[in-house]
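The sequence shown begins at 33 in my numbering and counts up one residue at a time.
Just so you know, the hints here were simulated from the structure itself, not pulled from any lab data.
Wrong hints could be hidden among the right ones.
[As the list claims (entries may be wrong)] Below, computed lysine-lysine pairings styled on PhoX-like, alpha-carbon distance capped at 20 Å:
id	residue 1	residue 2
1	K241	K221
2	K118	K157
3	K62	K191
4	K118	K165
5	K241	K191
6	K273	K241
7	K265	K250
8	K165	K152
9	K174	K157
10	K118	K164
11	K152	K118
12	K250	K221
13	K191	K273
[Stated by the list, open to error] Simulated restraints, written as ranges between beta carbons of each label pair:
id	residue 1	residue 2	range
14	A267	S215	11 to 21 Å
15	A159	G258	49 to 59 Å
16	E227	V69	37 to 47 Å
For every residue, glycine included, the Cβ atom is placed at its ideal position computed from N, Cα and C.
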Amino acid sequence: MELGFKHQLGLICVIMLFPALCNGKEYYNKSRAAYYVTSDGYGSPRGACGFGDYGRTVNDGHVTDLSARLWNNGGGCGACYQVRCKIAQYCDYNGAYVVATDYGEGDRTDFTLSPRAFSKLGRDKVASEALKKYSVLDVEYKRVPCTFKGNTIVFQINKQYSSNPGYFAIVILYVGGTSHVTSVEFLRKEHHKWEPLHRSYGAIFDIAKPPRGEIRLKFQVSGSEGLHWVEPKFAIPANWKAGATYSTNL
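Please build the complete structure, drawing on both the sequences and the hints.
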C-alpha cells in the first residue's frame, strides 16, 4: 500500500480575509524540525499512532513524529504535510512531503522526521548531510491533501489486540484529503442502536466483547465541511480475521 500526495493550490480570493492568497502566495506556518536515527532510514514500527510496520514504511519511509498540538491525542495520525527549510544554499524549494505516524517533540519542534524524510529537505545528498549538522532547523510547513485512490477511509483490524476473540480493535490507516476520523461507532443489532468504540490510543479504536456476526461501522469525519458521519455500504464479515484491511470506498 502506498500513499502519494496531490499538491494543490485551489485559491478563492477574498481580499479582505485572505490578501496573501489573492497575491498568489501560499500560506505556511513557521516551526522547527529535527530528525531521529534508524538503522535503515525508515520510520519506527513502535509509533504512538499504532500503525506498526505500516507506519515504518508508508510513503516510502518519509514519515514524521508530531508535537502534541498537531498530534492532537491521535487525531493527527495519518495527516500529510509539506515541510521545507529556508537555508538558501542547502534547502530544496519543495522540501519533504511526509505522513504523520508518531508523537514526539523536542526543542520547540513540531516535526521529528525519519532519516529518509529529513534527507528530502536538502537539494542533494551533499546538502542533506550538511543540514544534519544543524540537528534542529527552522522550517515552514502546511497541511496538504493525502491521496490514496480518492477520498476514502482505509482501516485495518488490529493484528495484536484483535487476536483475542473477546476484543475488537481497528486502526485508521488512511483518510483521504485533509480530513481525519474523530469517532467510530458500531451497530448493536439486538438493541437497534449505534454504540461508540473507544479511542484506545493514536489511531486505534476498540471495544471489548464485540457483537457476534458481521460488524457494521460508521465514522465521524472532521474536515473542511465540519463534522459529519459516513457509513460504508459493506459490513465486516462474521468470520473477520485480525490483520484484514478494508477500504470504505466512500
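Cross-check of the supplied hints:
This hinted pair checks out: K241 and K221 have alpha carbons roughly 14 Å apart, not beyond 20 Å. Taking the CA atoms of K118 and K157, the gap is about 17 Å. The hint holds against a cut of 20 Å. Only pairs whose Cα atoms come within 20 Å are accepted, and K62 paired with K191 is rejected, the gap being roughly 38 Å. A C-alpha spacing of about 15 Å is found between K118 and K165, which places the hinted pair at or below 20 Å, so the restraint holds.
At most 20 Å may separate the alpha-carbon atoms for a hinted pair to count; K241 and K191 meet this at roughly 17 Å. Taking the CA atoms of K273 and K241, the gap is near 16 Å; set against the 20 Å cutoff, the hint holds. Distance restraint check for K265 and K250: the Cα-Cα separation of roughly 10 Å lies within the 20 Å cut-off, and the hinted pair is therefore satisfied. Restraint check: the Cα-Cα separation between K165 and K152 comes to about 15 Å, which is no more than 20 Å; the hinted pair holds.
With a CA separation close to 24 Å, the supplied pair K174 and K157 exceeds the 20 Å bound. At roughly 14 Å between alpha-carbon atoms, K118 and K164 fall within 20 Å of each other, so this suggested pair holds. Straight-line distance between C-alpha atoms of K152 and K118 comes to about 13 Å, which keeps the hinted pair within the 20 Å bound. Between K250 and K221, the direct Cα distance comes to roughly 14 Å. Compliance with the 20 Å bound is thereby established for this hinted pair.
Proposed proximity of K191 and K273 is supported: the alpha carbons are some 8 Å apart, at most 20 Å. Between A267 and S215, the C-beta spacing of about 19 Å keeps the proposed range 11 to 21 Å intact. A hinted range of 49 to 59 Å for the beta carbons of A159 and G258 is inconsistent with their spacing of about 42 Å. The given range of 37 to 47 Å is respected by E227 and V69, whose C-beta atoms sit roughly 43 Å from each other.
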